[in-house]
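Colleague: Whole structure, please, built from the sequences with the hints as guidance.
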Amino acid sequence: MPNTFVKIASVTVGAGGASTMSFTSIPSTYTDLLVKFSARSSQTGTDNSQANLTFNSSSSGYSDRLLYGRGSSASSASSATSYITWAGIVPAANATANTFSNSEIYVPNYAGSTNKSLSSDNVEENNSATDNFLTLLAGLWSNTSAITTLTLTCNGGNFVQYSTATLYGIKNS
Amino acid sequence: MTDTPTKIVVDCSTGAVEELPLTAEEIAQREADAQAFAAAKHEEEVAAQEAAAKKAALLTKLGITADEAKLLLA
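Residue numbers (the numbering used here), protein chains in the order written: chain X, 849 to 1021; chain L, 182 to 255.
Honestly, I wouldn't trust all of these hints.
Quick partial rundown of chain X residues pointing at chain L, CB under 10 Å, derived from the structure [said to hold, decoys possible]:
(1) Phe853
(2) Ala857
(3) Gln898
(4) Thr933
(5) Gly960
(6) Gly1004
Here are the simulated BS3-like cross-link-like pairs (lysine-lysine), alpha carbons at most 30 Å apart as the crow flies [what the hints assert, rightly or not]:
(7) L:Lys251 to L:Lys236
(8) L:Lys188 to X:Lys855
(9) L:Lys222 to L:Lys235
(10) X:Lys1019 to X:Lys884
(11) L:Lys222 to L:Lys188
(12) L:Lys235 to L:Lys251
(13) X:Lys884 to L:Lys188
(14) X:Lys855 to X:Lys884
(15) X:Lys884 to L:Lys222
If you want a taste of the chain X side facing chain L, the calculated C-beta under 10 Å gives, among others [claimed, not checked]:
(16) Gly865
(17) Met869
(18) Thr872
(19) Pro875
(20) Thr894
(21) Asn896
(22) Asn900
(23) Thr1001
These are computed hints drawn from the structure, not numbers from a lab.
Nothing here was measured: the structure is a model prediction, and the numbers come from that model.
Even glycine gets a Cβ: it sits at the ideal position worked out from N, Cα and C.
Modeller: Set out below in structure tokens:
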């Protein structure tokens, strides 16, 4: 039976926290990439922080479309910035203590020579009736380079201790 | 004085994990991104409040409750 779902690398944030988690020198031997991460932010004064995504340390060519639920409302947003916004939404200092997000990002055909699409789904995890997020995102990196580096950045505060990210390689045979 | 933020870098070819301080440029970018996110959230909250106020005003004008409005639209 082919081994089609392979853990490439994993990271867990230590006691000091960290603002970013990066996977570098990603091998091109798989068909797709999958990142599963569970994180929390140290940012104060808010229930949630954003986890941004970049590839190959590039700061251009990103766009995304987001559907989200927050409390009892649902809405959508678009952006085109120097990173994929809302690749993750994580609980911050005001959120329920000791809760971490559940998030995953799927990147098909990451080593090909076409532009790179991705999807992301997240739950923030917060025991609040009004300030919690569920998100579903479609993203595009308009760049034909193979993805060799993938970086998640906490845009406010740091990822706190025990935040984790694991990168998997997916093969189609 | 605050500690310099750090980044964790995992080299997938070797499995080596490094924890490095952010550069000044990376710190500045992070601060700009955080401000943009806060502004976007604020805009969304203001829009939601405005929509709720308009809805309440309309219900008052019609003299019906939100549940009665749902019945009309069902």
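Colleague: Which earlier hints can't be squared with this structure?
Modeller: 1, 5
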